[in-house]
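For the protein sequence lines, the chains are A and B, in the order given.
End of the first sequence = 269 in the working numbering, gap-free, step of one.
End of the second sequence = 177 in the working numbering, gap-free, step of one.
What the hints contain is simulated information worked out from the structure, not anything from laboratory work.
We put the CB at the ideal spot given by N, CA and C, even for glycine.
A couple of the hints might just be wrong.
Stretches of chain B that chain A covers, calculated by requiring three or more beta carbons in the stretch to come under 8 Å of a beta carbon on chain A [said to hold, decoys possible]:
1) 33 to 41
2) 59 to 73
3) 97 to 103
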Amino acid sequence: MKQLLVLSIILWLSSAVKAQDNCNVFLWEGDSCRYAACRYLQEAPNYFQLTDKFHLIYDTAIMICPNYSDIYREKSTAYLKTGDWITWKELMDKAVELNPTEHLGYRGWCKFQFLRDYEGAIQDLERLDALIDYDLGQSQNGMYHLQIALALCYKMIGQPQKAIELIKNHLAKADTYVGNFDYLHLGVLYLEKGELGEAQAAFAAQEEINKIAETAYYQAQRYEQLGDEKAARKALTIALKRYLNHRMMYDPYTHQVDKIYLAQIEESL
Amino acid sequence: MKQLILDDRKIIWLLPLVMLLFQCTTEQKISKKTYPRMIGDITFDAEQDDPTFELCSGDSLAIQYYAFDEKPYKGEKIAIERRFEEQYDASRVAQESGWIRIRFLVNCKGEAGRFRVVGMDENYEAKVFDSNITRQLLEITQSLDQWKGFESETRPFDYYNYLTFRIIDGTIKEILP
């Protein structure tokens, strides 16, 4: 329960602290509108992002500068976290309309993470990719590079080969961001295509980065396809041990693609 | 058109006046927009809510599902998914698509209540789904009885939770979050 309290406090604080923009950036750009709204938000009291007070303050900031896209995105978060997707989308559409390169990645990621709107996410991420000449960047929670998210969307709409190519191309880049589950997803894609050698290589790479229950679970499936029941059982035992030690895919808000649950391991043993 | 650019000193000097002006001119407009105490709050409605469902710490202290480091359903989310797989009958519903979200409260004893349903089409617009879809989803959600109750050393916790159903042609494709 102490963990619960600590987590609650951290979540509250992280939600309550407003983006500490350097308002002077707007001043240097000659944008007195956003500068005034930014300063207003910096001076205003901090409130938890779900509260009415938070939204009234941000509404005032919108009155000061209606074209300040970040404000709409900040307001949208409360609706995202409470499942009011209609209001969330209205606010995020406004943010994207005002500043597409800044907000398309976030909107696309949320469509994928919270709604499994794969086509909508692909549209946003590919539109962003076409607009910029720099890196797509990472997901809001930092777990994924957005190209990996894009690949997973393609996987989920039945285009595994496209997903594999996107992941491979991303991982082949020098100095790129490698997420905690990238090689696991690649391995599962190969496994589902029956390319067991490639799957093994990806799972081995995953083990170097992050030893989680899912890798062992899918390794067991690979061994089963090879007819090696003994190795499969051993891998499942490892998966169970890791799961019970909380070494598995985890996201406080939702579940990831390829996540497995304790019941699935126990039923396979 | 000549662009008005003010230097830093002038802006800082003018800022309080600008704020005051905006506050004066916007107060009336802002006051028209009202929010619940917290976005997503579900207050008791005698017409649709079970009067025997009670929160342990009152409405104002209910927290959000993601505040827990422990998943709040016994058997994890797969147990919920399996209940819907077993009980939802897609053969007797309209071939509609979109999302349906059911939000509710869970009290410290693990009892759920105050269910609210919202439908949305594939363009993120409000949608009223075939009642055979909505009613089944609501009834199965209401029948879920393995929510965990939580309490600290100082007080019991009530929390908000929701299920979002990705519906394609009347079938459940995904359950989130």
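Okay, the hints, checked on the actual structure:
Counting residues of the segment 33 to 41 of chain B whose C-beta sits closer than 8 Å to any C-beta of chain A gives 8, which meets the bar of three, so the coverage hint holds. Counting residues of the segment 59 to 73 of chain B whose beta carbon lies closer than 8 Å to any beta carbon of chain A gives 7, which reaches the threshold of three, so the coverage claim holds. By the rule of at least three residues with a Cβ nearer than 8 Å to a Cβ of chain A, the coverage given for the segment 97 to 103 of chain B holds, with 3 such residues.
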